[in-house]
Amino acid sequence: MKSHIWRPLYAVVGIIALALLARVFYVPKDFGIHERGYMYGWYREGNIEDWKNVKVKYQGKNYCKDCHPDKVESIDKTPHAIIQCENCHGPAIDHPSDPPKLAIDRSRQQCLRCHFPLAYPTSSRSKIRGIDPEKHNPDIECVMCHNPHKPSLKGIK
Amino acid sequence: MINRREFLKNTVKGIAGLAVPLAAIEIINPRKLHAANSSEKSKVRWVFLVDTYKCVGCGFCVKACKNENEIPYDANVTRTWVERYVLTKEGRLFADSPKGARDGFITTKIDRGLGNFQDIKKEDIKKAFFVPKLCNQCENPPCVQVCPVGATYQTDDGVVLVDRTWCIGCGYCIMACPYGVRFFHPKYHTAEKCNFCYHRITKGMKTACVQACPFGARMIGNIKDPNDPVTKIITTERVGVLKSEYGTKPQVYYIGLDEEVR
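Protein chains in written order, with the numbering used here: chain A, 1059 to 1215; chain B, 1070 to 1331.
Derived from the structure by calculation, the hints contain no laboratory data.
In this text, a Cβ means the ideal position worked out from N, Cα and C, and glycines have one as well.
Be aware that a few hints might be false.
[As the list claims (entries may be wrong)] Below 20 Å or equal to it, Euclidean Cα-Cα: the simulated SDA-like pairs (lysine to any residue) are: (1) B:Lys1178 x B:Gly1160; (2) B:Lys1272 x A:Tyr1121; (3) B:Lys1318 x B:Glu1208; (4) B:Lys1123 x B:Tyr1323; (5) A:Lys1208 x B:Phe1284; (6) B:Lys1112 x A:Gly1095; (7) A:Lys1113 x A:Ser1155; (8) B:Lys1272 x A:Gly1104; (9) B:Lys1123 x A:Gln1142; (10) A:Lys1135 x B:Phe1284; (11) B:Lys1123 x A:Ser1184; (12) A:Lys1110 x B:Arg1233; (13) B:Lys1168 x B:Arg1181; (14) A:Lys1123 x B:Met1274.
[As the list claims (entries may be wrong)] To give an idea of the interface, some chain B residues facing chain A are shown, with a C-beta separation under 7 Å as derived from the structure: (15) Gly1128; (16) Ala1133; (17) Glu1137; (18) Lys1196; (19) Ala1197; (20) Trp1235; (21) Ala1281.
Just chain B, with the same shape it has in the complex:
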């Protein structure tokens, strides 16, 4: 039979004993932990701005990108490419990007694949324009979420990188990207993507495509710097992003984006 003193003692011990394991098994949030330990967060968040009115489809950006980032020149893969959209007055949409527009667009014929070409008469065109594409360096990158080995990741300045030594080549990230910017590098056989020329932007240079563009259709900037010309345009002018419905929060902004652009 338990007496009053023993009962109270055991109750106190029991409560104390329960409290300790509860505190011990609280799940550690790495972000909270890092926020508590680091003195300041990154002051840089790279973003990209494309002015589709200025793009003439010369393809110098694609040429420069392939050379700068050592993507085999004749392989039909590229980190950035330019798409041509032609809308006819009948309401038909044609789009092509032969070789990713590495050699520009030097014909009126639209490449429809498998050796088929469609020539559209000048009078039939309602609107036609060029849209450069590249990695959106999403704020919520789905490609990073699906990597099973931690080979692709986002740096604190927002750029998504691929660790070639760590990538196992499973291709999940290539399937996960809604923008189709990822591919296998023909030489390294690992996932490959645009990284805003990380080796250049971290040295204070522009990306190879921005530098090569004669018309200023491509711009790169730091959205965390309010005086950055790119930030000023994004925050004060009408800009669009691609496939916002996916919730990926893409960070490549477009001026003059048309609803036909996918």
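Same shape as in the complex, but just chain A:
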């Protein structure tokens, strides 16, 4: 065959060889076919560890209880016992070292998540007591009268 056919062919073969060589160095050793086969399990295995190492932020009520048993005990006597501390107080992360203080959500919107009345017959939302936010003391925050840890006003008024 003539050399004007061979010469570009050499170039193509050379480029392919270079790409294959680069691949050897670029693709991590743990990249390959794993448990779920070629279709679903073709990946870099080290990534599983990366995901496992993500920082846990929401620690849960028992974490809070270690230092604030009085607060947890008092709220446990009320219907609000089902609410996680961190839903209002924010994620604990490494509290008390980091962050030393948590930002509490005291907004009306926070209470209205459950206590805005929605009379939906096939949802248990309709069973929660609610208020009309436009008529029920619209200018002040709920926590001015209601203690979230002891929401009933019985014995206070």
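Given the structure of chain A, go ahead and fit chain B onto it with the hints provided.
Same frame as chain A, but now just chain B:
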């Protein structure tokens, strides 16, 4: 001219020669290979159970998820969200999920998009309910099949993960998911999805959304453990899954699923 002895010799050689390359080119099945090499298969298969009767649409799950998984709080993307369905007596269907229900549902007005709101009177409602949504961690995940670079994959315990260092951001997986659970992470610009809080469940914790739910509407369990309360409900009670017609075998089960839910 070939003699009898030579003919027989060549025939034997020829057959032997054909047999070797046939054995050599048999396609290796990686699954078979792995099954032969590994001593035991995974004892865990994570599944999710949602009780739509218990959900009140408070949105604490969405809030917790966004904080736990570092999804920018004000960006209009989220790994999990809650949908509100309102069916009127006239047969009209309304559904919304403002900000993915990050702040719950604190109005009777249905968000119809582009600043339009529809208020539906209490008397006109036939049924109305909330449906939390999240990644179904399908047994046949279409999002994984379409990934051209092997950046998204399924672990042996059934969770579909995304390798952020490997994702090229082509968006095929976002298009392939029939449930619309995938999106681009506003900060990393790679495909993002719910992974059942893989960093929590592998430590024996519940997912952030399960923990944050005050009403027990969300549950996570191991379907391979017959004593798991979630397994007991899925195997003995009436549960539904979303879009089973796609053949994806979704692994998020719903109690009280309505035909209107898409």
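Check each numbered hint against the structure and report the violated ones by number, ascending. none
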